[in-house]
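Enquirer: My request is simple: use the sequences and hints to build the entire structure.
Number of protein chains: 2
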Amino acid sequence: MQKEFYYISLFNSKFIGDDGAYIDGMVYSADGFCEDIHFKKEWMSLKQIARKAMLVNISDVIAMNAKPQFALITIKIPKNFTNKMFHQIQEGLAKTAQEYGIEIIGGDTVAGKKLDIAITLVSATKKPIFRKPLRQGYLLAHTGTLGSVKKDLRKLLRGGKVSKKSKFIAPQLRKDFMHRANRFIQACMDISDGLFDDLEKMTRLNKVGIKFLRKIPKRVGCSGEEYELLFAFDPKDYKAIVRRAKQARTKITIFGRVTRRSYRNICKPNHF
Amino acid sequence: MQKEFYYISLFNSKFIGDDGAYIDGMVYSADGFCEDIHFKKEWMSLKQIARKAMLVNISDVIAMNAKPQFALITIKIPKNFTNKMFHQIQEGLAKTAQEYGIEIIGGDTVAGKKLDIAITLVSATKKPIFRKPLRQGYLLAHTGTLGSVKKDLRKLLRGGKVSKKSKFIAPQLRKDFMHRANRFIQACMDISDGLFDDLEKMTRLNKVGIKFLRKIPKRVGCSGEEYELLFAFDPKDYKAIVRRAKQARTKITIFGRVTRRSYRNICKPNHF
Numbered sequence: 001m002q003k004e005f006y007y008i009s010l011f012n013s014k015f016i017g018d019d020g021a022y023i024d025g026m027v028y029s030a031d032g033f034c035e036d037i038h039f040k041k042e043w044m045s046l047k048q049i050a051r052k053a054m055l056v057n058i059s060d061v062i063a064m065n066a067k068p069q070f071a072l073i074t075i076k077i078p079k080n081f082t083n084k085m086f087h088q089i090q091e092g093l094a095k096t097a098q099e100y101g102i103e104i105i106g107g108d109t110v111a112g113k114k115l116d117i118a119i120t121l122v123s124a125t126k127k128p129i130f131r132k133p134l135r136q137g138y139l140l141a142h143t144g145t146l147g148s149v150k151k152d153l154r155k156l157l158r159g160g161k162v163s164k165k166s167k168f169i170a171p172q173l174r175k176d177f178m179h180r181a182n183r184f185i186q187a188c189m190d191i192s193d194g195l196f197d198d199l200e201k202m203t204r205l206n207k208v209g210i211k212f213l214r215k216i217p218k219r220v221g222c223s224g225e226e227y228e229l230l231f232a233f234d235p236k237d238y239k240a241i242v243r244r245a246k247q248a249r250t251k252i253t254i255f256g257r258v259t260r261r262s263y264r265n266i267c268k269p270n271h272f
Numbered sequence: 001m002q003k004e005f006y007y008i009s010l011f012n013s014k015f016i017g018d019d020g021a022y023i024d025g026m027v028y029s030a031d032g033f034c035e036d037i038h039f040k041k042e043w044m045s046l047k048q049i050a051r052k053a054m055l056v057n058i059s060d061v062i063a064m065n066a067k068p069q070f071a072l073i074t075i076k077i078p079k080n081f082t083n084k085m086f087h088q089i090q091e092g093l094a095k096t097a098q099e100y101g102i103e104i105i106g107g108d109t110v111a112g113k114k115l116d117i118a119i120t121l122v123s124a125t126k127k128p129i130f131r132k133p134l135r136q137g138y139l140l141a142h143t144g145t146l147g148s149v150k151k152d153l154r155k156l157l158r159g160g161k162v163s164k165k166s167k168f169i170a171p172q173l174r175k176d177f178m179h180r181a182n183r184f185i186q187a188c189m190d191i192s193d194g195l196f197d198d199l200e201k202m203t204r205l206n207k208v209g210i211k212f213l214r215k216i217p218k219r220v221g222c223s224g225e226e227y228e229l230l231f232a233f234d235p236k237d238y239k240a241i242v243r244r245a246k247q248a249r250t251k252i253t254i255f256g257r258v259t260r261r262s263y264r265n266i267c268k269p270n271h272f
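Just so you know, the sequences run in chain order A and B.
All the letters of the first sequence, read from the start, carry residue numbers 1 to 272 under the UniProt record's numbering.
All the letters of the second sequence, read from the start, carry residue numbers 1 to 272 under the UniProt record's numbering.
Think of the hints as simulated: they come from the structure by calculation, not from any bench.
Any given hint could turn out to be false.
To be verified - Just so you have them, the derived chain A footprint on chain B, three or more residues with Cβ under 8 Å:
id	segment
1	16-22
2	114-122
3	212-221
Claimed, not checked - Facing chain B, from chain A, some residues (calculated, C-beta under 10 Å):
id	residue
4	21
5	33
6	35
7	38
8	73
9	111
Beta carbons are placed, not taken as given, at the ideal position from N, Cα and C, and that holds for glycine.
Expert: And the structure:
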């Protein structure tokens, strides 16, 4: 976590710091999905792995209020994979791409020991949403229910099983909510490292703090890979946001208010 | 090699098949550069590794007569890497990017066992050059001198050392030649899998064959990762091509003519 943060900051580009880089109406984003870092092969089918690799990338794009158009996919495939196994991965990638209107336009495959999927998405947006501004007084909210991913991951790490509907297996993206509510969302990011961790990134970037309006237990705030949206809005848009969430049938939880102080999260890094 | 070919062909997109995907004036391309597949850490410094990762990607872009603008870089970094080692990789990437006018706009870092660098480049071109058309009668040529990379790779695999000027360590890209000669180049690709192997890809795509005008030994034709340009031109442009090559101080070898027959290469796959 710390190392990643340090590393990314070494490249001095004004485009780095959001879920994707916004340039002239386009958003460019890239995320790797790697065996034994983000998943273990015993936990998911190859199709589920491929689908999740795609979804975690699309999640960034939705958080920026963009529409993904093209994907480039670099895959490292274990040498012992059969053609059938190839097909399963391809199907997972292609179907998920199709579902979101994405065309896979290229990439690279290499043979290796682990299964790694690095995806770059090229997306378009007329109104990009960034991790800032977070102005004092803005309300902070997140979509969905947080915590189940951490619980499920713990189960998997202990050798247990989880439902194929688990958000760890199949993230639930909030495209519909973003589509309806984007006019009222001032800042947004997806929750990939956990609410508290991502809140720290967002508040640090904006040099602000948070007053929590409700108590959030650690098992909720430290649950990573939720791929829910963390967003901020002006209190005057409270009713509009709540109405749009209802229309999209998306649960939202308004949990905090932006203050002057700074905020520091209390979770341990969550990658296994 | 075969598997890679099979795999890429599973995605049905009209954009796949060239060194990059051309869409509305832009070229999107992605290539992975992976430890123990494309390099071993003992062979090169981290800076050289980072530089080559960038260059093999830029090579695709030059072959399409495009100018790289943005890079997204997903890196898997061994857990035991120090900050100093990070810095060396960052420096190699950043310097090479700068040299070619590329801005690094994003990416992802994950901790793993091997050092893997997956790069996506976003490039612009007013006149893209593809792997086709290869019309009957066109002359086929390549830049530079082929063969040294295979020799150097063999040396390295035997535990020997090679000069830091070896094209295996530091590919020589042909940007200047392409810049001057692009008007006369009908089709082009970079030589990454070896002249014969890449010729097979190019001729198969165009459903044509080759008449060799000179004998090319296997040690030359089967040398991969040369990152020279393989290109075709109309015989009427012979003089123009030769003149442009001289201006760019780039050696070119005209070795074949496009025919109706098909062509099959005789090399073994070259990855170690």
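Enquirer: Could you run down the list of hints and mark each one as holding or not?
Expert: Status of the hints after comparison with the structure:
1. Using a Cβ-Cβ cut-off of 8 Å, 3 residues of the segment 16-22 of chain B lie near chain A, which meets the minimum of three, so the contact claim holds.
2. Taking a C-beta to C-beta cut-off of 8 Å, the segment 114-122 of chain B contributes 5 residues in contact with chain A, enough for the three needed, and the coverage statement holds.
3. Closer than 8 Å: that is the beta-carbon criterion, and the segment 212-221 of chain B has 0 residues meeting it against chain A, so the requirement of 3 is violated.
4. A cut of 10 Å between beta carbons decides the hint on residue 21 of chain A: the least distance to chain B is about 4 Å, and the hint holds.
5. A hinted interface residue such as residue 33 of chain A counts as satisfied when its beta carbon comes closer than 10 Å to some beta carbon of chain B; here the least separation is about 9 Å, so the hint holds.
6. Given the 10 Å rule on beta carbons, the hint for residue 35 of chain A holds: about 9 Å separates it from the nearest Cβ of chain B.
7. Interface restraint check for residue 38 of chain A: the shortest CB-CB distance to chain B comes to about 8 Å, inside 10 Å, so the restraint holds.
8. Taking 10 Å as the C-beta cut-off, the interface hint given for residue 73 of chain A holds, the closest approach to chain B being about 7 Å.
9. Given hint, residue 111 of chain A at the interface with chain B, holds; its Cβ is 7 Å from that chain's nearest Cβ, closer than 10 Å.
This entry does not satisfy hint 3, going by the numbered hints stated previously; all others are met.
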